[in-house]
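Residue numbers (this note's numbering), protein chains in the order written: chain A, 1 to 207; chain B, 208 to 378.
Don't read these hints as lab results, they were simulated from the structure. Treat the hints with caution; some may be incorrect.
[To be verified] Below, computed lysine to any residue pairings styled on SDA-like, alpha-carbon distance capped at 25 Å:
hint : chain 1 : residue 1 : chain 2 : residue 2
1    : B       : Lys-219   : A       : Lys-76
2    : A       : Lys-76    : B       : Phe-257
3    : A       : Lys-145   : B       : Phe-275
4    : A       : Lys-145   : A       : His-108
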Amino acid sequence: MSMPETAATSDAATPAEPLETDLVHKARRGDLDAYDELVKRYQQRIYATIYHMTANHEDANDLAQDSFIKAYQALKSFKGGSSFYTWLYRIAVNKTINFLKQRKNKQHFSLNDLDFQTENNPDLVALISHKTPLREVGLTELQKKLNEALLKLSEPHRMVVVLHDVQGQSHEEIAEIMDCNIGTVRSRLFYARQQLQGYLTEYAKPA
Amino acid sequence: MNETEQNFEELKKLLTIKRHEVPPPGYFNHFSGQVISRIRAGEAGGSQTFMERLQAEAPWLANFFRVFETRPGLIGGMAASLCLLLVLSVIFADRPDAASKNLLAVSEPSPVSGGPVAAMAETPLLAASADSSGIVASTNPVTSLQPTATLFGQAGASPLFQPAGFMPAGH
Chain A
1 MSMPETAATS DAATPAEPLE TDLVHKARRG DLDAYDELVK RYQQRIYATI
51 YHMTANHEDA NDLAQDSFIK AYQALKSFKG GSSFYTWLYR IAVNKTINFL
101 KQRKNKQHFS LNDLDFQTEN NPDLVALISH KTPLREVGLT ELQKKLNEAL
151 LKLSEPHRMV VVLHDVQGQS HEEIAEIMDC NIGTVRSRLF YARQQLQGYL
201 TEYAKPA
Chain B
208 MNETEQNFEE LKKLLTIKRH EVPPPGYFNH FSGQVISRIR AGEAGGSQTF
258 MERLQAEAPW LANFFRVFET RPGLIGGMAA SLCLLLVLSV IFADRPDAAS
308 KNLLAVSEPS PVSGGPVAAM AETPLLAASA DSSGIVASTN PVTSLQPTAT
358 LFGQAGASPL FQPAGFMPAG H
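Looking at chain A on its own, in the form it has when it is part of the complex:
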């Protein structure tokens, strides 16, 4: 099972606007079935964002659940200035960043397994094929190195890379989620990529 994180898949999963508004209205009136529908709709993306930030499945599970619960409790304060999806993302992002600040120096991996499609990804195959003859070992090692490198970035820089390069969000969406301007998003992304490239020179050489 692959998480729908790319821009293409997220576009496909984005619901029609009126339906989402309708669900939000119902949930505000205490309709838990409507909220259940909203949770199902966004659970994978919210979980994935938090997971990529923490590199820990258990933490991501707790934080994702907490984010949805907090969003439900705060639904009355949701004015509808942005989409419910952006608003929910903002709650999850803030919760994750606060959590990571408290967890500083206590980082421990609990990485998810790679799905079966990984070995068929031509980009990844090309990247590791000349590094090691044992492809599986190479991928697992690559996964670990990548997560280590990501955890070396500051939380805002990591968040921008995760949202843009992993989740496929646009600069505008990220700016709205992180409550900053697009220029800041661009500069953070550039700096974060530079840092990552430095940490992963063995795998990601500049062209």
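Chain B: place on chain A using the hints.
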């Protein structure tokens, strides 16, 4: 921009590995159910934590407390300074005359200046009354300013005060 994008092409390919990291099979089948049951449990018990209530009612205060969570040294420093302040206030509350004497010493003019004002300052009424009574109410400085004897009662003792005479000339 294109050049920099090209420079990061390998890195972006590498980052695609993150998209293949998946939680255990069937994880999302129960996720929403768990969220909803936690919401139901919270509603039934009405059990919002103190911090959650504070966040809803006074977010600035919740953020203030959160600073202490992230920097435990800060709360120690603040507690130490509060203790110090408390100890200092207790010490100074117990010694009011020291404070008032210090105040007088500061305002006391030099004896060289002379004159009746200087003479009064040389025999401070305040100090005399404090010494004679032995008890000074620190919270009522006005009473401590009252001399034990009236100025007129001591008139003979002081060269500054002479009894007023009303004798017509020639008698």
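Quick rundown of the hints versus the structure:
1. Lys-219/B to Lys-76/A: violated, 39 Å
2. Lys-76/A to Phe-257/B: Measuring from Cα to Cα gives roughly 19 Å; hence the hint holds.
3. Lys-145/A to Phe-275/B: violated, 33 Å
4. Lys-145/A to His-108/A: holds, 13 Å
Hint violations for this structure: numbers 1, 3, all remaining hints satisfied.
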